[in-house]
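Undergrad: Residue numbers (the working numbering), protein chains in the order written: chain A, 640 to 897; chain B, 5 to 410.
Calculated from the structure, these hints are not laboratory results. For glycine and all other residues, C-beta sits at the position ideal for the given N, C-alpha and C. Among the clues, some could well be false.
[As the list claims (entries may be wrong)] In silico lysine-lysine, BS3-like type, Cα no more than 25 Å apart, as pairs: (1) B:Lys-180 / B:Lys-164; (2) B:Lys-13 / A:Lys-763; (3) B:Lys-17 / A:Lys-763; (4) B:Lys-98 / B:Lys-258; (5) B:Lys-158 / B:Lys-222; (6) B:Lys-95 / B:Lys-222.
[Stated by the list, open to error] In silico negatives: residues of chain B with every beta carbon more than 12 Å from chain A: (7) Leu-11; (8) Gln-55; (9) Leu-100; (10) Ser-144; (11) Lys-222; (12) Val-237; (13) Asp-262; (14) Ser-295; (15) Gly-325; (16) Thr-368.
[Claimed, not checked] Just a sample of chain B residues kept apart from chain A, beta carbon distances all over 12 Å, derived: (17) Ser-85; (18) Lys-95; (19) Asn-122; (20) Gly-136; (21) Phe-171; (22) Met-174; (23) Val-209; (24) Arg-252; (25) Lys-259; (26) Met-304; (27) Leu-322; (28) Ile-324; (29) Ala-352; (30) Val-381.
Listed below, chain by chain, are the residues.
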Amino acid sequence: MNSNNKSVIEIKDLIRTFTIGDIAVHALRGISLNVNEREFVAIMGASGSGKSTLMNLIGCLDVPTSGEYYLDGLTVNNLTPNEFATIRNQKIGFVFQNFNLLARTTAVENVELPLLYDRGNRVKNPRQAALDALGRVGLSDRIDHEPNQLSGGQQQRLAIARALVNRPAIILADEPTGNLDSRTSIEVMALFQELNNQGITIILVTHEQEIAEYSKRVIMMRDGSIIDDHLIKNRQNARDDLESLPKDDLPITQVETQ
Amino acid sequence: MKIVRNLLKAAFKSLAKNRMRSLLTSLGIIIGVSAVVVMVAIGNGSQQRIQNEINSLGTNLLMVMPGSTSSVGTRLGAGSSPGFKFSDIEKLQKGLIYIEAVSPVVRSSGQIIGGSGNWSTSIYGVSNDYFGIRGWEIESGDFFTDKDVASKRKVAVLGKTVADELFENMDPIGQKIRIRNIPFTVVGVLKSKGQAGMGQDQDDVVMAPSTTVLYRLKGGQYIDMINASAISVEAMDAAEAELTEELRTIRGIKKGDDDDFMIRSQAEIMEMVTSTTETMTLLLAAIAAVSLVVGGIGIMNIMLVSVTERTREIGIRLSIGARASDIMIQFLTEAIVLSLIGGILGIALSAGVVAILNEFTSFTAVMNPEIIAISFVFSGAVGIFFGFYPARKAAALNPIDALRYE
Numbered sequence: 640m641n642s643n644n645k646s647v648i649e650i651k652d653l654i655r656t657f658t659i660g661d662i663a664v665h666a667l668r669g670i671s672l673n674v675n676e677r678e679f680v681a682i683m684g685a686s687g688s689g690k691s692t693l694m695n696l697i698g699c700l701d702v703p704t705s706g707e708y709y710l711d712g713l714t715v716n717n718l719t720p721n722e723f724a725t726i727r728n729q730k731i732g733f734v735f736q737n738f739n740l741l742a743r744t745t746a747v748e749n750v751e752l753p754l755l756y757d758r759g760n761r762v763k764n765p766r767q768a769a770l771d772a773l774g775r776v777g778l779s780d781r782i783d784h785e786p787n788q789l790s791g792g793q794q795q796r797l798a799i800a801r802a803l804v805n806r807p808a809i810i811l812a813d814e815p816t817g818n819l820d821s822r823t824s825i826e827v828m829a830l831f832q833e834l835n836n837q838g839i840t841i842i843l844v845t846h847e848q849e850i851a852e853y854s855k856r857v858i859m860m861r862d863g864s865i866i867d868d869h870l871i872k873n874r875q876n877a878r879d880d881l882e883s884l885p886k887d888d889l890p891i892t893q894v895e896t897q
Numbered sequence: 005m006k007i008v009r010n011l012l013k014a015a016f017k018s019l020a021k022n023r024m025r026s027l028l029t030s031l032g033i034i035i036g037v038s039a040v041v042v043m044v045a046i047g048n049g050s051q052q053r054i055q056n057e058i059n060s061l062g063t064n065l066l067m068v069m070p071g072s073t074s075s076v077g078t079r080l081g082a083g084s085s086p087g088f089k090f091s092d093i094e095k096l097q098k099g100l101i102y103i104e105a106v107s108p109v110v111r112s113s114g115q116i117i118g119g120s121g122n123w124s125t126s127i128y129g130v131s132n133d134y135f136g137i138r139g140w141e142i143e144s145g146d147f148f149t150d151k152d153v154a155s156k157r158k159v160a161v162l163g164k165t166v167a168d169e170l171f172e173n174m175d176p177i178g179q180k181i182r183i184r185n186i187p188f189t190v191v192g193v194l195k196s197k198g199q200a201g202m203g204q205d206q207d208d209v210v211m212a213p214s215t216t217v218l219y220r221l222k223g224g225q226y227i228d229m230i231n232a233s234a235i236s237v238e239a240m241d242a243a244e245a246e247l248t249e250e251l252r253t254i255r256g257i258k259k260g261d262d263d264d265f266m267i268r269s270q271a272e273i274m275e276m277v278t279s280t281t282e283t284m285t286l287l288l289a290a291i292a293a294v295s296l297v298v299g300g301i302g303i304m305n306i307m308l309v310s311v312t313e314r315t316r317e318i319g320i321r322l323s324i325g326a327r328a329s330d331i332m333i334q335f336l337t338e339a340i341v342l343s344l345i346g347g348i349l350g351i352a353l354s355a356g357v358v359a360i361l362n363e364f365t366s367f368t369a370v371m372n373p374e375i376i377a378i379s380f381v382f383s384g385a386v387g388i389f390f391g392f393y394p395a396r397k398a399a400a401l402n403p404i405d406a407l408r409y410e
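Produce the entire structure from the sequences given, and follow the hints as far as they go.
TA: Have a look at this one:
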């Protein structure tokens, strides 16, 4: 497990074409990509560049038109919808831009949810696992709060806890800071960095350069192709950045300058 | 088991989020179920009442009447063949296995004078067995005996109405009455049976030995009717067949010729009346069932709204590993829980309505466990039937589109 070379995601010549009416839209034009264990990858690109489509394919929410995809040693081509559901349940943790938590449902129940769909019953005590996951994201004192009683940052941390609870091979975050102010964004990135340091592989989609700076590797996309793929040399430490920010009045001014 | 518990928990929780809406949706089922149960209860009640009334005429009863006869190819109407003789009765009383008792019935009517007034009523000439066959009980005094019949004694047993009319403040036993100027001694008064199914007063009657009535009052030689009782309700058909066979022999009917008498059994009368009430009950229940279907459509409507409202929730569940079947079962469970709650409340409501009907109106309503069980199961079936389409719609959602839904 300590090897940095073990491949989690292996994609070969992935093509995704949508047909809208008579027009074929080429969202992905032959993507090949390798992501190893413990990597922290940021996918960047303008809207329409195909980064969300790629994310959906990696997340087994969508099926490619052609190409090969191996996830954590499993071949993910030609699976049934139920097999896709099982992979989403056991191998992938999703974090969304708009949190996507169940309303009027407590934090701990939200986190427990993926375990209720675990047909393998890998976790003997879902409640305890959910409490542990909430502890890892620092929400131990909010377990009985409902999403509308939590701040945006807390909601996103709750979503991250839900993504963690089924011990996935990879966490996929689609614009996780898109709805957050700068300071909270950095807080969330600090959490991602911590989790990555603990050995969790993370892929996030963002269009903010500053956010991408916290990752280890940046992939640039344009028009359905990868145009750049490089490692970050001077990686930013979100925890340090957070401490360098003045604490008191910052949230307000940050919100205003957005 | 764990899965079922989780499903039910989730269903109750999501229904509790919209308490008012859930209640109003169930209301359709509540009304439908209680309408069905109450209608069937009313039907059962009146059927039971009619059955009791018919049973009060005597159970296991077989009535034999003269039938039609034909004279040189011309068929004459019912009752045109001659009546029966006392010797026929004697033959019937011996050697028939399925027949318990046989009594002649000689019918007459007339003005009765006695006690403090006079009264016009029916007079039945019968044997002692008649009281047992028709289920009469004595209130005071005694029935007349076989000996009285054999010796044509002028004794009479009064029906309650006649006794009350003639002897208002007197004990009628031992008193003399005159039937068409022939004096009779009152030996007993019958217990009241009340009205018969068709409304006539069964207690407005005087019973006297058949021989006395035939020879002293009516004249002639034929008995109008024979009443017989079978040994049990199960043996009714056998008794009827046996009776037919014996009567054909007695009356010398050739093989292949039609019977010149008719046998009516209590069961036939009962069947006729109950089939009428059953049809009524069925009709009422069918009308009530329509409201149950309307209630089901209400559930479908709300479930469709709920699926649209919760598209994003469905997307979330799909993205974290729920299968289409999980989503399907989740929504189906909600629909079933909704309709079963309606079913339970509907049954409770109908119990209340039945109690009120019995207490404050002339309706007799009887709840039976079967219809409760059936309507409960049926309301569940309504949930499955009308929940299926919305649930399938939910399960067919694509996770990406569902997550993007605003």
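Undergrad: So Ser-85 (chain B) supposedly isn't at the interface. Is its beta-carbon more than 12 Å from every beta-carbon in chain A?
TA: holds (81 Å)
Undergrad: Minimum Cβ separation between Gly-136 (chain B) and chain A greater than 12 Å?
TA: Given that every Cβ of chain A is farther than 12 Å from that of Gly-136 (chain B), nearest at about 72 Å, it holds.
Undergrad: Please settle this one: Gly-325 (chain B) was flagged as non-interface, so is its CB more than 12 Å from every CB on chain A?
TA: violated (2 Å)
Undergrad: Holds or violated: is the Cβ of Val-381 (chain B) farther than 12 Å from all Cβ atoms of chain A?
TA: Fine: 29 Å to the nearest Cβ keeps Val-381 (chain B) off the interface.
Undergrad: With 12 Å as the threshold, tell me whether Thr-368 (chain B) passes as away from chain A on beta-carbon distances.
TA: holds (49 Å)
Undergrad: Confirm or reject: Phe-171 (chain B) is not an interface residue toward chain A, with every Cβ-Cβ distance exceeding 12 Å.
TA: holds (81 Å)
Undergrad: Would the non-interface assignment of Asn-122 (chain B) survive a Cβ cutoff of 12 Å against chain A?
TA: holds (86 Å)
Undergrad: Need the status of pair Lys-17 (chain B), Lys-763 (chain A): alpha-carbon distance at most 25 Å?
TA: Given that 25 Å is the threshold and the Cα spacing comes to 24 Å, the pair holds.
Undergrad: Since Met-304 (chain B) was said not to touch the interface, does its Cβ keep a gap of more than 12 Å from each Cβ of chain A?
TA: holds (24 Å)
Undergrad: Hint check: Lys-95 (chain B) vs Lys-222 (chain B), CA-CA at most 25 Å. Holds or violated?
TA: Given pair Lys-95 (chain B), Lys-222 (chain B) holds - Cα atoms ~23 Å apart, limit 25 Å.
Undergrad: Beyond 12 Å from every Cβ of chain A: is that where the Cβ of Ser-144 (chain B) lies?
TA: Given that every Cβ of chain A is farther than 12 Å from that of Ser-144 (chain B), nearest at about 77 Å, it holds.
Undergrad: Does Arg-252 (chain B) clear chain A by more than 12 Å, comparing its Cβ with all Cβ atoms of that chain?
TA: holds (76 Å)
The structure is inconsistent with the numbered hints 7, 15, 27, 28, although it conforms to all the rest.
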